[in-house]
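K.L.:
Spelled out from the first residue to the last, the chains are:
6 protein chains.
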Amino acid sequence: MKAHLSRRYRISASHRLHSPAFTGEENQSIYGKCDNPYGHGHNYIIQVTVSGPVDEVTGMVCDLASLDRCVQAKVIDRFDHTNLNVQECFFDKVPTTENLCIVIYQLLAEDFSPARPDCVKLERVRVEETANNFFEYSGKGRDGSSSNR
Amino acid sequence: MKAHLSRRYRISASHRLHSPAFTGEENQSIYGKCDNPYGHGHNYIIQVTVSGPVDEVTGMVCDLASLDRCVQAKVIDRFDHTNLNVQECFFDKVPTTENLCIVIYQLLAEDFSPARPDCVKLERVRVEETANNFFEYSGKGRDGSSSNR
Amino acid sequence: MKAHLSRRYRISASHRLHSPAFTGEENQSIYGKCDNPYGHGHNYIIQVTVSGPVDEVTGMVCDLASLDRCVQAKVIDRFDHTNLNVQECFFDKVPTTENLCIVIYQLLAEDFSPARPDCVKLERVRVEETANNFFEYSGKGRDGSSSNR
Amino acid sequence: MKAHLSRRYRISASHRLHSPAFTGEENQSIYGKCDNPYGHGHNYIIQVTVSGPVDEVTGMVCDLASLDRCVQAKVIDRFDHTNLNVQECFFDKVPTTENLCIVIYQLLAEDFSPARPDCVKLERVRVEETANNFFEYSGKGRDGSSSNR
Amino acid sequence: MKAHLSRRYRISASHRLHSPAFTGEENQSIYGKCDNPYGHGHNYIIQVTVSGPVDEVTGMVCDLASLDRCVQAKVIDRFDHTNLNVQECFFDKVPTTENLCIVIYQLLAEDFSPARPDCVKLERVRVEETANNFFEYSGKGRDGSSSNR
Amino acid sequence: MKAHLSRRYRISASHRLHSPAFTGEENQSIYGKCDNPYGHGHNYIIQVTVSGPVDEVTGMVCDLASLDRCVQAKVIDRFDHTNLNVQECFFDKVPTTENLCIVIYQLLAEDFSPARPDCVKLERVRVEETANNFFEYSGKGRDGSSSNR
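Residue numbers (the numbering used here), protein chains in the order written: chain R, -5 to 143; chain U, -5 to 143; chain V, -5 to 143; chain F, -5 to 143; chain S, -5 to 143; chain D, -5 to 143.
Do not take every clue at face value.
The list cannot tell twin chains apart, which means a pair is met if one copy fits it or any two copies do.
To be verified - In silico DSS-like pairs for lysine-lysine, Cα to Cα no more than 27 Å straight-line:
(1) 134 to 27
(2) 115 to 68
(3) 115 to -4
(4) 68 to 87
(5) 115 to 27
(6) -4 to 68
(7) -4 to 87
(8) 134 to 87
(9) 68 to 134
(10) 68 to 27
(11) 134 to 115
(12) 134 to -4
Keep in mind the hints are simulated off the structure, nothing from the lab.
Build out the structure end to end from the sequences listed, making use of the hints.
P.N.:
Structure (structure tokens):
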């Protein structure tokens, strides 16, 4: 039996949406008030979905404590209570929530090792920026092909 | 990298579930208290999901302001603070939330032109009628084939 | 030990805000799109708060099943899946959420008889019209004096 | 037009995570504080998703009252306000939320007969254990093949 | 300037409502399915409200880390993932949520020492048993007099 | 009949908690990761509660459109999508949520003129920093006396 498990984590961070590829006016037009030079911020909710067979003895898809440690080390410790713009991974990328979502997926996918790494698969990362706005990435390229795993 | 973006909008509307194809008794049996001749109402949450490649320069799937204008003009201005039964699109259809969901999908799909219309795809419309009841439509017919796009 | 107990109930109803005391133009100016002649609707959340000593043997403020029966009979059966404007109690009053809140308080207060009526007090009724808008009434007049009990 | 309908139900139950296949120490290591011999509990939210063509006359995917009766009889009456460990279906299985989710799916799938059983399909059962932790099962085996229907 | 600060904590626990002062039939009649001999459970939300002057230099009512440590040690470590009935404080009291709320208030009040104990006051404890059911206690006796502080 | 009306507004902002009155080490000890020099951010929910007699003809406590314009002009336009630390009102005050709450109360109270200013009273401002953390201010000084109105 293959089941999906989703877990929600929370971080608070600030960002400024602004690209050096655009003039000041273009940045204003594209990012609006998100281009405020002093930044603004959000409480982001990060939802990680994994899938795998339910172990017949433990009754679990994966060990939650291991999953939590993995997300804590790779995501929360890095991004919580920070300014996303000063993170190395956003030096050459605008820290939109789309990009944050992809970065988090890639950080988790590159060495995703909670218990039973042989069979647990990272399905999807969802980042909620506000109660009315959220983004999802599942490792797919434009043509639908999977770039991970 | 292809990502999904979902955005939630809210409208308040009233409706009566009643079909001229049925007798009064049949309407009562099928729709129960939703057949109240004076109507009743809901706060509907409309969740619109689009997908597309994340633009490498802007870091965005689509321009949110354009998406909002599109939903405002086609959906919110039309349905918010109205009685669904007196809308032209429900003259020949019972305004169940299933039908409302399909109508909203079709209104958005017929000329879906937020920024980057070449690559942004309308994936799904979800309408929540109450906190415990919601409906989704993704443009699919009974055989799974897509009728839009 | 005196504790407060609050319980949340839900109804779906429609209404039109419009007063015969005003001209059409005045109604428009005062009620805006809530004056739509065909009505609109909401999922209302009704929160009833009572207080009383915690019974030393049962460990309860009041019998929840009795409270539920009381609210069901007086409030939910009357207002759920209805049009508030055709209710007798709104023949001479605009069915704003303020007035709905007061009416519900009065209906519950006039003969409030869940278990232990000698010591359980109706403290407050709160009606949430939307997730961002709510009203409370606690039986007080303009001068702060209590009109009930 | 094929639409999805999801409905949310709630139960309160207790459980202890503990397997006779493990030593006491192993149980502690695998289940942590969930292995407390006296149990603990949760408010579970059970979300049932069905799909089917929207009936052209009624405008509905399925009769909600029938669906509710089916879930009430098979799931809520059985599990609400109980200790999951003393349920027959958990005599030989640890009552993790993964297993609860699969059991509920199977109970609903084995004779899923709300109105229009010919065309309404059980898509998925989701069980939320806490606000930050949820599980989904859609009747799929490890190889992605469907074991039901 | 005196402000109120509220903080929400979560525990999962099980309980059985049953009093030796009543016959089996009376227990059934008073507690209904909550009298299930094997227990059931909830995700409880515990909301602690304190008040005090906002410190002119730090800009804070009290040190949140100290408050968290206090609640962790006195409440969460004691009750989370447990069966309330086997707690010493419920040997002679039915573990209703009313009583749980009063016990938590008393545990916090008896030696409430987050930062600035001289001026921070415990105002109120609220325990939410389900999304529709919550209880509050503020240290008051039947006559409104405060028993703490 | 005097009723309370509460309305919820949302802003996204960033801040850094740091006081020049303290050494770097003291700031670290008092504010922890909130002292991050590059800042972090939140989605703040601002709940404004007013009270007043329900107008006998309109059935309303106050005109919501006027209240919204007042909050928009004084609070949302000023703080939404900004860095709180560069706001003039926080030049000499740490932008804790306590202080943000008091500042918002004072901005609204100093010239609170939604419809019917003669009888509508600003009761309370509540600012939610995260889902588990909120602050309230009602214009009271340490001795309980009201400093406004």
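K.L.:
Hint by hint, note whether the structure agrees.
P.N.:
Going down the list of hints, with the structure as the test:
no.: 1; hint: 134 to 27; result: neither (30 Å within a copy, 34 Å between copies)
no.: 2; hint: 115 to 68; result: within (17 Å within a copy, 32 Å between copies)
no.: 3; hint: 115 to -4; result: both (11 Å within a copy, 19 Å between copies)
no.: 4; hint: 68 to 87; result: within (19 Å within a copy, 33 Å between copies)
no.: 5; hint: 115 to 27; result: between (38 Å within a copy, 26 Å between copies)
no.: 6; hint: -4 to 68; result: both (26 Å within a copy, 22 Å between copies)
no.: 7; hint: -4 to 87; result: between (36 Å within a copy, 16 Å between copies)
no.: 8; hint: 134 to 87; result: within (19 Å within a copy, 36 Å between copies)
no.: 9; hint: 68 to 134; result: within (21 Å within a copy, 31 Å between copies)
no.: 10; hint: 68 to 27; result: between (30 Å within a copy, 17 Å between copies)
no.: 11; hint: 134 to 115; result: both (14 Å within a copy, 15 Å between copies)
no.: 12; hint: 134 to -4; result: both (21 Å within a copy, 6 Å between copies)
Figure legend: structure checked against the earlier numbered hints; the only hint not met is number 1.
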